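J.: Spelled out from the first residue to the last, the chains are:
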Amino acid sequence: MTAQSATLNGGWADFRAVSGDDAAANTAATDLINILDTIEVPIVVLRCDLMIAGFNKAAADVLRLSLSDIGRASRDISVLAGLPGLEEQCSRVIASGEESQADFRDGDKWFVMRISRYPQGERQVTGAVLTFTNVTAFRECIDQVIYERECAKAILNTVADPIAVLDADQRIHSGNRAFYTLFLELASLRTKLKAILAGTSAFQPVEVDHVFPGEGRRTLILDARPLSLPGHSERRILVTFKDITTRKQTAAASGLRAIAERKEELRRSEAFLAEAQRLSLTGSFYWRVPTDEIAWSEQLYRIFGIDRGALVTPELIGSRVHPEDIPLLHDIIERARGAGTDFECEYRLQMPDQSVKYLHMVAHGTRDEDGRLEYIGAVQDVTARRLSEQALGKAQSELAHVVRATALSALTASIAHEVNQPLSGIITNASTCLRMLAADPPDVAGARETARRTIRDGNRASDVIARVRALFTKKESAIEAVDLNEVTREVMALSLSDLQRNRVVLQLELAEDLPAVTGDRIQLQQVILNLLRNASDAMVDVHDRPRQLLVRTEREDGGRVRVSVRDAGVGVDAHNVDKLLDAFYTTKTDGMGIGLSISRSIIERHHGRLWAEANDGPGATFAFSIPSGPASVPDSAPR
Amino acid sequence: MTDKRSLVSIVDDDESVRESLPDLLRLFGFAAEAFSSAEAFLASDVVSETSCLLLDIAMPGMSGPDLQQELTRRRQTIPIVFITGLVDGSVRPHLLARGAVDCLIKPFSEAALLDAVRAALRRPYSEQVTAT
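These protein sequences, in sequence, are chains A and B.
Residue numbers 129 to 767, in this note's numbering, belong to the letters of the first sequence in order.
Residue numbers 4 to 135, in this note's numbering, belong to the letters of the second sequence in order.
Some hints here could point you the wrong way.
Label-pair restraints from in silico Cβ distances [said to hold, decoys possible]: (1) A:Asp591 x B:Pro96: 46 to 54 Å; (2) A:Glu608 x B:Ala43: 25 to 33 Å; (3) A:His671 x B:Arg125: 34 to 42 Å; (4) A:Trp739 x B:Ala43: 36 to 44 Å.
Here are some chain A residues pointing at chain B (derived, C-beta under 8 Å) [said to hold, decoys possible]: (5) Leu457; (6) Ala544; (7) His545; (8) Ile555; (9) Asn557; (10) Ser559; (11) Thr560; (12) Arg563; (13) Gly574; (14) Ala579; (15) Arg580; (16) Asp585; (17) Asn587; (18) Arg629; (19) Arg631; (20) Gln635.
Just so you know, the hints here were simulated from the structure itself, not pulled from any lab data.
Because the structure is a prediction, the values reported are computed rather than measured.
Quick reminder that beta carbons are idealized off the backbone N, C-alpha and C, glycines included.
Construct all of the structure, not just a fragment, from the sequences and the given hints.
T.: Put into structure tokens, the structure is as follows:
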């Protein structure tokens, strides 16, 4: 480059002047000036009096110097004027020879100004050299780094978990805000960290409990890893903490909750069982046979009326069992002890107040892995059921009695009628006979005839009495072979007048060779009588058709005998058929309604069945069928 | 009593009554006819000649009271003495209220029978007097 423009070129007048005419020196000076002008770093040379001695081209550009500025004081240069204490600094450098630096800014450009002593010749110091190194790019770079660092810091500080960097001695180098907030007291942490990190190269996260002042005990997961810093040989460790106290508490709480829920569930199902046992009056027990170890449920203690928790021994059980049932229970238990099979029995307890409880026991035998016999069983208090069964049986027999009495009263009228007819004949005939004998002459033939009629009527009355005796003199439950045809005929004979009074047209169809059934003759008579009365009553309001009543006996398949009574009455409602047979249900306003119920229970005791059905035409048919032959022995009277 | 023997008719389903009563009544001097049912009596030719009717209450088919009603309907005012084997006395006042002369409960004595029949034979005149 050549110096063509004064403003754009460096100013080196003095240096040329110094060179004089020495051609070689001139060439060297020119070369030097040219080299200086090519250097991009502005260079300004000041004299000892701090006047500008020269400057290179870059200085002319940057500091906006021109040739006319040579010899002017540096403080007069507008660009340099912004550097406070420049002259003092330069003087100091010139005096001491020690370099000095200062930042210098020109617009958006940053420079580092270096002041060094300019030696001319061997000893003489002639001034100072100012060089301006452009550090704009470097500054921008640093700014960027600072910005990035602040960003990183801000991010780290917003992280809720504590993070710290340790130096090689496990001293805290730096930490985020969370770290410093949590670790107010660093000394104990350091001790702990030292202990944890000692000798660990491959670090696995560890859970650490730490008591913090003001925070209390907290649980942290501590993780650590070596930080590799490029260009740094110093070993640092990044330590992160994760506060899992809450999570742990939540987990613990939910764990506790789960346990509590399971407990509650268990408690509930236990309560369920206890309540079910209480309601069903069923207790359960466990019997380990070889050791006679017995465990009872709460309800079983209650059933036995023994304080809950008392040690259950065979003696204790024996103290409650009804004396009459002890042999039975003993027998069952001894058999169970040997066989190991399931057993079931009923026995009674005699309570201290002398009341009696009926218990039903069922037990299931199992063997444990060692082959030892165990029983698990249930004991139900069936007292109420037994008592009501007994009450029912009693009520049933009372009802039967009532029905009988009712039937008896109806029969009494009927019997009286039956007996009075022949009695009437007897008296009339006897009167006639006496009068015939008293006549003059006596009508002996007529008297003989009337006497004969008297005997016949007497026999008739006697027959009636015999039938009545057959009906009433027998005691309950006389089991015998019964010809249902005969029974039907007897009942018919006794009911005839009753039926006639009700203007019933009676029709009998009795099967020939009807097999005998085994049973209670009186009870069966009662049933037939009942069915007849019902049929007769059902036709009381019938006026538009004959009051036809058909009584039929017949053989059924399977060796059964059927007796049916078909009326032409008001009939039965299909819905009421079952109800009709229930005790106390009646469609009659003056009936007791129990007749059919009793009849049914009688027939059922004869292993038969009694039913009602609507006829195709008017009326209904009530019928029963019972097995014939000796198989039809009825059950004993109700318990 | 009367020149012409009064006819006492008997309606009863019981044979011994039908056999025994007519003989006794005849011994007392009445004419007697027995019928086994109300229907048979109505079908006979003695209805209008009957001075007294001995009538059973309970009979198959038409009953005694039914016959009484039927006779009233036919304006046959025959005095009626009911005879019954029923011990139940509750029907008696009912029957008397409907115009029966008497109601004899079987078995009855010949005296009771005679009283009732005589009362019946006296009855029509007084009734006819009041009627005309």
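J.: Using Cβ atoms only, decide whether serine 559 of chain A comes closer than 8 Å to chain B, and label the hint accordingly.
T.: Check passed: Cβ of serine 559 of chain A comes within 4 Å of chain B, closer than 8 Å.
J.: Against chain B, is leucine 457 of chain A within 8 Å by beta-carbon distance?
T.: Violated - the Cβ of leucine 457 of chain A stays beyond 8 Å from chain B, reaching only about 60 Å at its closest.
J.: Please verify that hint: histidine 545 of chain A, Cβ, nearest Cβ of chain B, below 8 Å or not.
T.: holds (4 Å)
J.: Taking the closest Cβ pair, is arginine 631 of chain A under 8 Å from chain B?
T.: holds (7 Å)
J.: Have a go at the aspartate 585 of chain A hint: is there a Cβ in chain B nearer than 8 Å to its own Cβ?
T.: holds (5 Å)
J.: Confirm or reject the claim that aspartate 591 of chain A and proline 96 of chain B have a C-beta distance inside 46 to 54 Å.
T.: violated (33 Å)
J.: Taking 36 to 44 Å as the stated bounds, is the beta-carbon spacing between tryptophan 739 of chain A and alanine 43 of chain B within them?
T.: Holds - the Cβ-Cβ distance for tryptophan 739 of chain A and alanine 43 of chain B, about 41 Å, lies within 36 to 44 Å.
J.: Taking the CB of histidine 671 of chain A and the CB of arginine 125 of chain B, does the distance hold inside 34 to 42 Å?
T.: holds (37 Å)
J.: Tell me if the interface restraint on arginine 629 of chain A is satisfied: Cβ within less than 8 Å of some Cβ in chain B.
T.: holds (4 Å)
J.: Let me know if the C-beta of glycine 574 of chain A comes in closer than 8 Å to any C-beta of chain B, holds or violated.
T.: This hint holds: glycine 574 of chain A lies near chain B, its Cβ roughly 7 Å from the closest one there, short of 8 Å.
J.: Just to be careful: measuring from the Cβ of isoleucine 555 of chain A to every Cβ in chain B, is the smallest value less than 8 Å?
T.: holds (4 Å)
J.: Go through the hint on arginine 563 of chain A and say holds or violated, using the shortest Cβ distance to chain B against 8 Å.
T.: holds (5 Å)
Checked against the numbered hints above, the structure violates hints 1, 2, 5, 14, 15, 17 and 20; every other hint is satisfied.
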